[in-house]
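Engineer: Sequence:
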Amino acid sequence: MKDATHHRLHVQRKVIQSLRKEMEKEEARSLKDGEGLNRPLAVDSMPEIRKSTAGSRMLRVPS
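Residue 27 in this note's numbering sits at position 45 of the sequence shown; the count goes up by one each step and never skips.
Don't take each hint at face value.
[Said to hold, decoys possible] When the alpha-carbon atoms are kept at most 27 Å apart in a straight line, the in silico DSSO-like pairs for lysine-lysine are as follows: (1) K7 / K(-4); (2) K3 / K14; (3) K(-4) / K(-16).
If you are wondering where the hints come from, they were derived from the structure by calculation, not from laboratory data. Note that this is a predicted model, so its numbers are computed, not measured.
Go ahead and model the full structure; you've got the sequences and the hints to work with.
Structural biologist: Structure follows, in structure tokens:
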């Protein structure tokens, strides 16, 4: 049981890490193109972001 829980948490961390990396790439791409200083984020897949935005679906990207 302990191994299964550890494995599940490990996989969750890897998935979140992968999502963050992909979001950073997308952000860099949009800033490079000069677009999207205000853009919606897929916050439903990342609970820590969902909590920090308190219901807001738009985050301002610092310029």
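Engineer: Next step is simple, just say for each hint if it's right about the structure.
Structural biologist: Verification of the supplied hints:
Restraint check for K7 and K(-4): satisfied, since their Cα atoms lie roughly 17 Å apart, inside the 27 Å limit. At roughly 16 Å between alpha-carbon atoms, K3 and K14 fall within 27 Å of each other, so this suggested pair holds. Annotation: proposed proximity of K(-4) to K(-16) holds, straight-line Cα distance about 18 Å (limit 27 Å).
Hint compliance for this structure: every hint is met.
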